[in-house]
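Chemist: One letter stands for each residue in the lines below.
There are 2 protein chains.
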Amino acid sequence: MSARTLHLNLFVYPGGHHEAAWRYHGTDPDRLLDIGFYQDLARRAEAAAFDAVFFADGPSLADNVRYASRFRLEPFTWLSAVAAATERIGLIATASTTYTEPYNLARLFASLDHLSRGRAGWNIVTTGAPQAAGNFGLDEHPVHAERYDRAREFVEVVTRLWDSWEDEALVADQKSGVFADTDRIHEIGHSGRHLRVRGPLNLPRSPQGRPVYVQAGSSEDGRSFAAAHAEAVFTAHQTLRGGQDFYADLKARAAALGRDPGRLLVLPGISPFIGSTEAEARALHAEFDELTQPEYSLQLLRRLLGLDLTADQLDGPVPRRLIETEGERGNGSRFRLVLDIIDREQPTVRGLMHRLAGARGHRVVAGTPEQVADQIQEWFEQGAADGFNVMPPWLPGGFDLFADQVVPILRARGLFRTAYDATTLRGHYGLPRPAASPALR
Amino acid sequence: MSARTLHLNLFVYPGGHHEAAWRYHGTDPDRLLDIGFYQDLARRAEAAAFDAVFFADGPSLADNVRYASRFRLEPFTWLSAVAAATERIGLIATASTTYTEPYNLARLFASLDHLSRGRAGWNIVTTGAPQAAGNFGLDEHPVHAERYDRAREFVEVVTRLWDSWEDEALVADQKSGVFADTDRIHEIGHSGRHLRVRGPLNLPRSPQGRPVYVQAGSSEDGRSFAAAHAEAVFTAHQTLRGGQDFYADLKARAAALGRDPGRLLVLPGISPFIGSTEAEARALHAEFDELTQPEYSLQLLRRLLGLDLTADQLDGPVPRRLIETEGERGNGSRFRLVLDIIDREQPTVRGLMHRLAGARGHRVVAGTPEQVADQIQEWFEQGAADGFNVMPPWLPGGFDLFADQVVPILRARGLFRTAYDATTLRGHYGLPRPAASPALR
Chain V
1 MSARTLHLNL FVYPGGHHEA AWRYHGTDPD RLLDIGFYQD LARRAEAAAF
51 DAVFFADGPS LADNVRYASR FRLEPFTWLS AVAAATERIG LIATASTTYT
101 EPYNLARLFA SLDHLSRGRA GWNIVTTGAP QAAGNFGLDE HPVHAERYDR
151 AREFVEVVTR LWDSWEDEAL VADQKSGVFA DTDRIHEIGH SGRHLRVRGP
201 LNLPRSPQGR PVYVQAGSSE DGRSFAAAHA EAVFTAHQTL RGGQDFYADL
251 KARAAALGRD PGRLLVLPGI SPFIGSTEAE ARALHAEFDE LTQPEYSLQL
301 LRRLLGLDLT ADQLDGPVPR RLIETEGERG NGSRFRLVLD IIDREQPTVR
351 GLMHRLAGAR GHRVVAGTPE QVADQIQEWF EQGAADGFNV MPPWLPGGFD
401 LFADQVVPIL RARGLFRTAY DATTLRGHYG LPRPAASPAL R
Chain X
1 MSARTLHLNL FVYPGGHHEA AWRYHGTDPD RLLDIGFYQD LARRAEAAAF
51 DAVFFADGPS LADNVRYASR FRLEPFTWLS AVAAATERIG LIATASTTYT
101 EPYNLARLFA SLDHLSRGRA GWNIVTTGAP QAAGNFGLDE HPVHAERYDR
151 AREFVEVVTR LWDSWEDEAL VADQKSGVFA DTDRIHEIGH SGRHLRVRGP
201 LNLPRSPQGR PVYVQAGSSE DGRSFAAAHA EAVFTAHQTL RGGQDFYADL
251 KARAAALGRD PGRLLVLPGI SPFIGSTEAE ARALHAEFDE LTQPEYSLQL
301 LRRLLGLDLT ADQLDGPVPR RLIETEGERG NGSRFRLVLD IIDREQPTVR
351 GLMHRLAGAR GHRVVAGTPE QVADQIQEWF EQGAADGFNV MPPWLPGGFD
401 LFADQVVPIL RARGLFRTAY DATTLRGHYG LPRPAASPAL R
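Sequences listed follow chains V and X, in order. Residue numbers for the first sequence, in UniProt numbering: 1 to 441. Residue numbers for the second sequence, in UniProt numbering: 1 to 441.
If chains are identical, the list can't say which one is meant, so a pair holds when it fits in one copy or spans any two.
Calculated lysine to aspartate or glutamate pairs in the DMTMM-like style (CA-CA distance at most 20 Å, straight line):
1) K175 / D289
2) K175 / E290
3) K251 / E381
4) K251 / E220
5) K251 / E378
6) K251 / D221
7) K175 / D28
8) K175 / E287
These are computed hints drawn from the structure, not numbers from a lab.
All chains should be modelled from the sequences, with the hints used to inform the complete structure.
Modeler: See the structure below:
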């Protein structure tokens, strides 16, 4: 195996990532709320020695739930039950800095890290969906810059809470009667622009010290935040060149801040349709596209581009100029990515809808196991990725094909581990366990 | 078995309920953060056909953690992992209406109910510990009445969120392409004095519809709240008469509101020291008291009575008049309970400390299995209890003695089930599954 190791997460979405996954004959919609289904998936990913399973999240209901399995599995409860069914695989949860209290969130992650013996990761988001605001007493979703300003303060606060018990604070000496050395437990006394939190946390420091910090926004604010705080970045790119540009930019930003760029992993999404021939893979992909529903896809376009198209325009060209004049750029980096697809490929509206149906802007590939492995190797070796968020079109079958057919090729090429050599997510990602910095107390 | 069935919960505290439990030779302090320890405990309680395990909580660190295992296990993560290791037993979590957001809390409970297939219960608290305020940006803990005012509104909001998907809303019809019937998913549009929440919840209605509503305050506000909302009440009483008065009062209040008093279970705490003779049980209790530390106990007295005593007063009488003049009544019902102990038993300070060391004011009994069973039967048959929160002095041994020696006696007397006849916590408690009331939408 090469010194540099590929990292692979299984990105779990109810039913799978293709918007029509739940309609596919290989999907059982009756199991989408069955914890056993997700525990079994995580066991399969663990058997393949994947780094982590990842559960995305958002504190509101998607308006297109009529046409797709777009409800939300609450990540802390779900991942705790998944932790109980696994031993090694990492457990990454999305959680919002805009719509949670830092004390509550710090507890949830510290507890997940304790009960999983060091496998927790936090995908730090500021929440993209504006409809979340109404569920939390706000008239309007805070603007992008304001959300990131709170996020920076929030990360500082929860980091200090995770460090508020020194590692040696838990004594539990039955003889002397000292359970905790309270000289080693510290209030944090934070008072900032957005938050006031006294601390300390109400449980001992967790196995990893802090969960792995993950970030997933590619906007200017997002990149700047990731360069400062993230240890892994989830990102969406359609082309090798786009992936390389992002990779180089992020690593340079981290280095400019004095960080080791090797401790900031870049992990693009990839959604693979796998067939024994390329034609078979393409036919499988087409079968999924046949199951899409225009009502759902048009809602997605409205969300990504701020553009209201109607069903009778489906087979005409995408009205590029309308987007320029009427589109909103609420979701900065994803907006840019879709515009690039339009410019590069000049699709019809239906073509664009199918282009986005697989993984909402993440890269979809269709090919033989060798072809998929080639793509992964190319990005990994050509400076576009340290690994991937694998986004199966449907579950569990779409994952099984990847694990059974692509992973062995990656192993034969010396790119991916054959077994775990660590027990924590930090260990899998090659990240050190952070000391409870006195400077942060 | 009699028509009326005794209900038994295992109230889990790290190490056990006696404040010195962690120092007892039968306790392994290295396992207090090991999820396997709690999963194993829950499996033992399930093997005994207990109704539920219960995890208390509070969003701050107790100031006496120096002397006892008083950190907090975050209940949602912990109970989700316990759910994964069990099949039938109920899972009750304390959660605060003062220091959480209703949308987040509604999701956590709905998810716990989904993944456990209908076993979630919510112990609704307004949070007693004033130091929590500093962890949530507040200068002061809101006063008692204000906390209950928010609690009432909070319960209404989360109830409506749990009902925001009708039971029939999840369609998942692969052929028609309708995943959710959005005509059966409703915004709640709540705007009140404390909260504004639009909804709907972002996942389908859970197996129980709503978690079981539990309440644990015995103040005037607490009783009034329980009579209106609770389906089970956790309470602390030292004497049969005290238990009977509370039981009668609460059932009458519920009846006066038009509720069926049989659907409001009263479950006092009981902490049993069990020996093969009464003398052996008392010796065991004394062994625990020997392990107590005055520093811890004096802090507890200060919290319960608002009274600062010093170590040199330990063997003198409790200065009753000082309490009257200087004590604070922050924790109303528990303050009254301790005053009653002082008046009834005229203890020394040390005696009072030992009296409270077992279960913080809950009833401690020491006796043979038959004597413990007698006490339980008396309270159950004499109108003081519908069941008990069993609070083992130490874990797991203190629970094993109860399960192995007391439970068989209760069964032989026809008081307690020999096996589950239901699969949900509502089923164990004899409570109906609530319909998603149109009136609440």
